[in-house]
Amino acid sequence: MRTAFLQTLEELAAVDTRINFITGDLGFSVIEPFVKRFPMQFLNAGVAEQNMTGLAVGMALSGKIVFTYSIANFPTLRCLEQIRNDGCYHKANLKVVSVGGGLAYGALGSSHQATEDIAAMRALPGMTVIAPGDPLEAEHATRGVAALEGPCYLRLGKAGEPRVHTGPIDFQLGKAITVCEGKDVTIISTGGMLQPCFEAAKALMQTGLSVRLLSMHTIKPLDTQALLSAVRETSAILTVEEHSVIGGLGSAVAEWIAQASPRRVGFRIMGLPDEFCRTVGSQDYLRRICKLSAGDIQTATQELFQRTK
Amino acid sequence: MPSLIDELKPSASDCRAFARRLRLTAVRMVHEAKSAHVGGSLSMADLMAALYGGVLRVDPHSPSWAERDRFILSKGHACAVFYAALASRGFFPLEWLDTFYRDGGRLAGHASHTGVPGIEFSTGSLGHGLSVATGMALTAKRDGAPWRVFALLSDGECDEGSTWEPALFAPQYKLDNLVVIVDYNKIQSLGRTKDVLDLDPFADKWKAFGWAVREIDGHDMDQVLDALTTVPFTKGKPSCVIAHTIKGKGVSFMEDKLLWHYRNPSIEEYNAAVAEIEAAP
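So the protein sequences, as listed, match chains A and B.
Using my numbering, the first residue of the first sequence is number 1, and each one after it goes up by one.
Using my numbering, the first residue of the second sequence is number 1001, and each one after it goes up by one.
Be a bit skeptical, because a hint or two may be false.
[As the list claims (entries may be wrong)] Using 30 Å as the maximum straight-line C-alpha spacing, the simulated DSS-like pairs for lysine-lysine come out as follows:
#: 1; chain 1: B; residue 1: LYS1237; chain 2: B; residue 2: LYS1174
#: 2; chain 1: A; residue 1: LYS175; chain 2: B; residue 2: LYS1141
#: 3; chain 1: A; residue 1: LYS291; chain 2: A; residue 2: LYS202
#: 4; chain 1: B; residue 1: LYS1205; chain 2: B; residue 2: LYS1237
#: 5; chain 1: A; residue 1: LYS91; chain 2: B; residue 2: LYS1174
#: 6; chain 1: B; residue 1: LYS1141; chain 2: A; residue 2: LYS91
#: 7; chain 1: B; residue 1: LYS1205; chain 2: A; residue 2: LYS36
Hint data in this document are derived by calculation from the structure and do not stem from the laboratory.
Same shape as in the complex, but just chain A (with noise of 0.2 Å):
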């Protein structure tokens, strides 16, 4: 994801000189590209993200796009009032990313774990939030944020992850796409998490059971139009992402069946338990201790299909 994001931002750094990126000292062998080609939109402000998000404001009030990057918590939660003060009160065509949401960087420790990004950037008001799912809806949603007015949070994972998507798609900030069409389960998909789910979808159907998968790259707004179909036309939502249950993907569904769903659903929650992970290990490793493996998913879709239908 990181790669395509990067390769994409050159693409459009080239065709519109509005458009600036910012790192907080980070992207060593990943970021030299565009610092060659672009030098005078890029700029490396330090180790100091208050201060990389509020020039970001500076810049975009005087007419620019803004990216602002680094890893895991740095350019969202050590800056988060820069972002709500500066950035949406002004409705600053600021754009934070992040690499290695979730639990990407994993065996460095929690200090590198996004685990609640999602739950504050969505909290702000007017800002979009947007966690793609392989590299090609990165691509999309790189283009997507370069495009839209106003601040945005994008999320994404690491480098190397695998495409999930096979053909192109139809990517559009705010609606979800439809990965699998199903009519029994609803398993909905945010970040990450979606070659999981998909494999878990492959493996359901194999047994039988109709899966709908939703990869909803965009958190914030929600497609309660996806929401609504899923809950007419199949009997249960699983939400699976790579962050804390309180206040992601899980808590935004939740929030609209409560209030607005037309009929009663079955649901669940998948994501990481309200805690510190404080084993060591990869990202793969560490799903599986936090339940959020393939089998894992799996297993919870049948459970929750099981009570439901």
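With the hints as your guide, set chain B onto chain A.
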């Protein structure tokens, strides 16, 4: 009021008269709204009179003029004087000042741009203004634009680490189109700055970070104008004006008193304040 708008070289006497009007207006606004921060408004009244009395290249009839100078009041709590200056210059009707801090009014208790022409950037949480000002100055530099950026800071907000991040950044990028003015009235919310977190040697800190620094008496209009009309002090360096000021300046019983950071003047105090400001030479 004499036209101060298009003068290339603002006169000290006009700016002094303007400062007196700003003080009167701000004290009235704070009194009538029952709001706070009159002390920090009065300490920067002379600085604001110089800025809006002719230093800043702005056009009240075209607030979004592309080549305007940008001004950011980072100490957003002292906004009464800011609103008064903007209204006096014609950015919006003077009557709006009566809606300050009121239900349904346009003018919030910290500088806010929503629906208010002439405010570049909203503040209120301290330590935000300088980064944004720096981003604006960098943009002007890179675009080869002639406009400049002025940011007025409180001394208290120099406690914030986020003030020192851009302080480190701006000299690195040689932003000599950026001017910081610190209203150094030496009193913050709970005490004297030297007792809370001592900033001194203050000028040396900015110098060490790479700024061209000038210390002035922030109530001596000749010194204020001389400093603000000779920026940049050094080509290739951002400028820092440390304005030594007195909290509550212009009203004897408010001067240098911690109480007047927050206290709202009663009707008797208000009348006494007006009499003093009007009688001042």
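### Task
Tell me, in ascending order, the numbers of any earlier hints that this structure violates.
Result: hints 2 and 7 break, sorted rising.
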